[in-house]
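Novice: Residues per chain, in single letters:
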Amino acid sequence: MAVVETKALRKEFGATAAVDGIDLVTGEGEYLVLLGPSGCGKTTLLRLIAGLEHPSDGDIIIGGQVVTHLPPRARQIAMVFQSYALYPHKTVFANIAFPLAAAGVPREQRPEKVRWAAGLLGIDRLLDRKPRQLSGGERQRVALARALVREPQVFLLDEPLSNLDAKLRSSARDELKEFQQRVGITTIYVTHDQVEAMGLGDRIAVLNEGRIQQIGTPDEVYHQPANTFVATFVGSPPMNLLTRDDRLLGFRPEEFLPASVMGERSGQAIFDFSVTRVENLGSDRYVYGHLPEVDPEAKVIAKLPSTVTTPVTVGDQLPFAVNGGDLRSYDRQTGVRIASGGAAVKP
Amino acid sequence: MTVTEGSAREVTAAPRRARYLLDRERLLGPALVTPAVVYLVLVVAYPLVLAFLYAFSDVTTGSQSLHFVGFQTFIAAVKDPVFLTSLSNTVIFTAASQFLVVVLSTVLAFVLTANFRGRWFVRFLVLMPWTTPVALSSVIWLWMLDSIFSPFDWFAQVLGIVPPGGHIVFLGQSGLAMGSVIALQTWRIMPLATVILMAGLSAIPSEVSDAAEVDGAGFWRRLFGITLPLLSPVMTVALLFGIVFTFTDMAVVYVLTGGGPGNATQVLSSWAFYKGINGGDLGVGAADALFMFPVLLGLAAIMLRLASRAEVG
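In order, the protein sequences belong to chains A and B. Here this note's numbering is used: position 220 in the first sequence is 220, and no number is missing along the way. Here this note's numbering is used: position 137 in the second sequence is 137, and no number is missing along the way.
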């Protein structure tokens with residue numbers, strides 16, 4: 001177990017900075033998720049930490065040792081790749097044993113370690129197979145076992161679930177979380193899927209354009225987005241943003257409910273919601289429309305759980321409400337959150 | 001008029017026009033295959049059948065009369081002492097040049113897939129021998145290895161390997177002549193093998209090499225544990241091509257040494273040519289050439305197996 005730290009880390013490809021000055025410190029044994037859209041620099045950051053890319057500037061510290069210029073094999077890290085990158089010509093056993101051989105573990109000690117790692121992931125019976133004979137889920141476990149067998153200080157996972165089908169993905173997510181809690185190794189996990197990020201991370205670092213936009217617990221990132229990028233990237237559907245004077249007013253679709261359902265509370269903001277479309281998804285209803293009195297330009301979505309049975313039809317103009325505490329304000333120019341937000345009254 | 005829902009008001013017969021002719025698979029398939037079949041029959045099957053016919057006959061360049069003589073031509077071919085020399089020369093020529101090709105083209109493929117300035121120019125230079133007509137390149141080499149004007153002699157003189165004014169005489173000594181022929185064949189086949197191996201190298205997913213690096217493997221372990229094993233199927237293909245091209249080749253020998261000195265560089269194909277065409281004994285020449293047939297048949301079988309396995313894999 002070790003702490004991973006990056007200091008003013010930069011990586012330029014030609015004229016563009018894929019990683020643009022990132023300072024990051026993980027906790028010991030922490031599960032840190034790097035979340036961001038494609039091209040935000042999250043995979044580059046992971047590859048820098050792994051030592052597969054050389055930083056243009058800045059430092060990487062693992063377990064108190066500066067490793068910036070050390071090759072991957074000197075960093076005591078293990079990485080699981082998006083494609084799993086199993087060695088196709090080797091059996092599962094030889095795949096898992098490969099890092100042991102590379103680390104100079106004597107040949108007679110390897111089977112025991114391989115069996116231990118395979119046992120942890122429940123793939124003991126697959127040891128004689130070749131990777132092409134395995135299913136996607138099995139390959140992922142082999143990749144994890146291969147990463148685990150050397151007992152690394154740090155686990156780096158690069159979108160390990162994105163190659164699995166949707167059904168398998170959610171069960172694999174459970175297993176990953178449980179597995180990490182059992183081994184307790186510091187883990188950095190890259191994903192573009194916010195559901196994975198929310199479900200797995202002790203903390204989430206949201207990245208965009210090579211910079212960290214916000215780092216915090218899933219709860220903080222979801223409920224107190226630091227800027228409009230985080231507000232709209234995290235959450236599905238994204239946060240509603242209304243322009244008012246020099247500010248942007250933000251509230252989540254599920255916080256925007258018919259006034260009749262909310263009941264009257266102090267500090268509540270009530271808007272007339274002009275409905276243009278209703279989508280019934282079974283568990284929820286998505287209601288699309290706009291608020292003609294406040295910002296007729298902005299599209300607004302309300303997410304009504306199926307327990308809210310208020311009839312809503314296209315063309316209606318209904319009073320909807322947001323609790324004062326759920327209203328955030330952002331600077332219209334910079335998109336940065338204004339701490340005093342929430343003091344909104346009916347216009 | 002009432003129309004049942006979903007039914008068309010009018011039904012027109014499908015036009016049977018010429019422009020739809022090629023959309024019919026029963027016509028399109030044969031149409032696409034025919035050129036290849038014609039080519040194979042004219043250029044491969046017809047000469048092969050002729051070779052078999054000639055090998056069992058007393059045909060000569062002077063007379064077109066075909067009399068069946070059984071295995072007499074084969075017995076005559078084997079009894080000639082040059083035949084065995086040619087056979088062993090062919091094996092040495094093929095094995096030595098292809099060993100060199102595999103080793104050198106693998107190294108070259110690694111170099112040319114790496115990133116460096118001016119890579120395109122080096123790639124261009126490496127491909128040159130392959131695109132140069134063999135007659136032309138052999139003539140250039142003939143001059144390079146000339147007994148008096150060879151530039152190699154000049155280097156050898158400067159380096160003190162031969163006395164000032166001395167000559168190595170590459171093509172006049174049996175060992176050096178064989179070495180020269182092997183070197184030229186290696187130089188000719190290497191570009192093709194390199195291109196095949198470069199394609200094989202770029203087909204190895206970069207994440208697999210990255211994984212090996214993260215797993216702690218150094219350069220040699222990555223090379224021998226991961227990269228070369230993954231490259232070996234492609235390497236086999238390159239090797240088989242090289243063997244086929246070399247085993248049957250007579251161009252290099254013909255231009256460079258003419259089989260000499262003596263018969264020191266005589267190979268089966270050149271011997272068959274000298275015996276059958278220059279010597280006029282078409283029957284024995286064909287019999288000589290047919291000794292290559294089982295080897296090529298075996299190689300072809302291996303190649304077909306590899307190809308079908310690649311399809312399944």
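Take these hints with a grain of salt, some might be off.
Listed next, the stretches of chain A that the computed footprint assigns to chain B, with coverage defined by at least 3 CB atoms under 8 angstroms from CB atoms of chain B [stated by the list, open to error]: (1) 59-73; (2) 87-96; (3) 198-205.
These are computed hints drawn from the structure, not numbers from a lab. Model, not experiment: these values are computed from the prediction. Yeah, the Cβ is synthetic: ideal placement off N, Cα and C, and Gly gets one too.
Novice: Which of the stated hints cannot be reconciled with the structure, identified by number in ascending sequence?
Specialist: Going through the list in order, the structure violates hint 3 alone and respects the others.
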